[in-house]
Structure formats: C-alpha cells, structure tokens
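Asker: Could you put together the complete structure from these sequences and hints?
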Amino acid sequence: GAVVSQHPSRVICKSGTSVKIECRSLDFQATTMFWYRQFPKQSLMLMATSNEGSKATYEQGVEKDKFLINHASLTLSTLTVTSAHPEDSSFYICSARIGQSGNTIYFGEGSWLTVV
Amino acid sequence: AQSVTQPDIHITVSEGASLELRCNYSYGATPYLFWYVQSPGQGLQLLLKYFSGDTLVQGIKGFEAEFKRSQSSFNLRKPSVHWSDAAEYFCAVGRNSGNTPLVFGKGTRLSVIA
Numbered sequence: 479g480a481v482v483s484q485h486p487s488r489v490i491c492k493s494g495t496s497v498k499i500e501c502r503s504l505d506f507q508a509t510t511m512f513w514y515r516q517f518p519k520q521s522l523m524l525m526a527t528s529n530e531g532s533k534a535t536y537e538q539g540v541e542k543d544k545f546l547i548n549h550a551s552l553t554l555s556t557l558t559v560t561s562a563h564p565e566d567s568s569f570y571i572c573s574a575r576i577g578q579s580g581n582t583i584y585f586g587e588g589s590w591l592t593v594v
Numbered sequence: 081a082q083s084v085t086q087p088d089i090h091i092t093v094s095e096g097a098s099l100e101l102r103c104n105y106s107y108g109a110t111p112y113l114f115w116y117v118q119s120p121g122q123g124l125q126l127l128l129k130y131f132s133g134d135t136l137v138q139g140i141k142g143f144e145a146e147f148k149r150s151q152s153s154f155n156l157r158k159p160s161v162h163w164s165d166a167a168e169y170f171c172a173v174g175r176n177s178g179n180t181p182l183v184f185g186k187g188t189r190l191s192v193i194a
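Order-wise, the sequence lines are chains A and B.
Each residue of the first sequence is one higher than the one before, counting from 479 in this note's numbering.
Each residue of the second sequence is one higher than the one before, counting from 81 in this note's numbering.
Bear in mind the hints are in silico, worked out from the structure with no lab data behind them.
Treat each hint with caution, since some may be false.
Said to hold, decoys possible - Each computed DSSO-like pair below joins lysine-lysine, with the alpha-carbon atoms no more than 30 Å apart: (1) A:K519 <-> B:K129; (2) A:K519 <-> B:K148; (3) A:K544 <-> A:K519; (4) B:K141 <-> A:K533; (5) B:K186 <-> A:K498; (6) A:K519 <-> B:K141; (7) A:K544 <-> B:K186; (8) A:K542 <-> B:K141; (9) A:K542 <-> A:K492; (10) A:K544 <-> A:K533; (11) A:K519 <-> B:K186; (12) B:K141 <-> B:K186.
What the hints assert, rightly or not - Going by beta-carbon spacing under 8 Å, a handful of chain B positions derived as facing chain A: (13) Q122; (14) L124; (15) F170; (16) G185.
All figures in this text were calculated on a predicted structure; none of them were measured in a lab.
By construction, the Cβ of each residue, glycine as well, lies at the ideal position given by its N, Cα and C atoms.
Answerer: Here you go:
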C-alpha cells in the first residue's frame, strides 16, 4: 500500500545549525503534503501546507524564514529548520494525500528533533 | 471554525473490557472523519475513516466508529481491549479536497491494565 517515509527519524543538532527533514511518498504522487508539529503529550499542530512547484502556505504564527519548506517534486517535500534553538525541539510529522481528490491521507513515521 | 473535541484526556480500561472514545466535531461542510492511533515516539496509523454511506464503519484491529450527524459525534469503540491497544488516539476531521489539511483533536491516552 501507499507509504509516506520520513528521514531522519531522529536527529540531534547543535543550537544555531540547520537541519533538514525529508518526507517522501514512496509509491504515489503527492501534489500536496502537510507538515505538522507535535509537542510531547499534545496534539498535532499544522505548520504549513506544501504544494508541489509553488510556495508553501504557512499557518499563522509559524515563521516561514525559520521553517523552510520545499516541495520540488511530486514525491518529495523537505522541511529545513534553520538556526535551530532548543525550543525547536519537537516531533515533526508530514502527511500526504494521493492526488487532488484522494480520500486517504497517509502520515510519515515522524522525525524527532533535539536541539542541544 | 473547524474544531475537534476529545473530552477524555486519559482513559484506563481493563484488558478484555469494552472501550469507547468520544469525539465531537464542528465543521462547516460535510465532514470527513478519521481516527488515528499513535504509539509513543511513532507516527500515526489510520484506524478507520468515514466519508459517506453506512454510518457504522469498521476499521483495523477490531475497532469501529459510528457517525452521528445529529450529535456531531464520531465515537470510536472496541468490544474487547487488548494490552497492545494502549496508545494515544486522535480524532480528526477534514474535507475531500487536496489542499485542506486535517484538524486534530487533542487526543485521548488509553491505558490498559491487567
């Protein structure tokens, strides 16, 4: 079946550095992917909607210059956390929908980011 | 505004007992409803979904959910809980459109005791 894969699953980076998280749709084309952030013991908060070939749409309060999203192909979206700080430590999850009217949304395994 | 309410933050049930997790939604259009399960440190796994038709939907792992439009509810049920069902459960609502994300409830943590 359809699978969404995220990489890396866990990453530790130093404060001030940047880290990139990849989200791939393995056997389907995803014109739209969504990036969520989840704090411990909390729900998923939508960060941005990633559209292939165009700029991402960010939710209110999400810094677009800090969380760079690139959706360069129909199977890959990337989230880059720039100049990371400890408060950026979180669980980041992407999701993808098949095509424009697919009725199933698949989630990646998530990526744990720890900034030290 | 779109919202999902899961009234129970934490539920503890005995293994073998029945389970019902509550979910209420507020949505301006015809809702598409989902239940996901998340084990600690893991991503989300789809349990079941409702788009139209029969209001009682069957999912994986023996779960089912019933859509009640009059009550704006989509409660998740399982007749006999197993210890492996201990996890976080999220109810979500969305629309059948490629550019709209899901809106999630805050989740219900399920603990299973012997």
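Asker: For every hint, state whether the structure bears it out.
Answerer: Hint check:
no., hint, result
1, A:K519 <-> B:K129, "23 Å, holds"
2, A:K519 <-> B:K148, "28 Å, holds"
3, A:K544 <-> A:K519, "24 Å, holds"
4, B:K141 <-> A:K533, "39 Å, violated"
5, B:K186 <-> A:K498, "27 Å, holds"
6, A:K519 <-> B:K141, "23 Å, holds"
7, A:K544 <-> B:K186, "25 Å, holds"
8, A:K542 <-> B:K141, "39 Å, violated"
9, A:K542 <-> A:K492, "21 Å, holds"
10, A:K544 <-> A:K533, "15 Å, holds"
11, A:K519 <-> B:K186, "9 Å, holds"
12, B:K141 <-> B:K186, "22 Å, holds"
13, Q122, "7 Å, holds"
14, L124, "4 Å, holds"
15, F170, "7 Å, holds"
16, G185, "6 Å, holds"
When the structure is compared with the earlier hints, violations turn up for hints 4, 8 and for no others.
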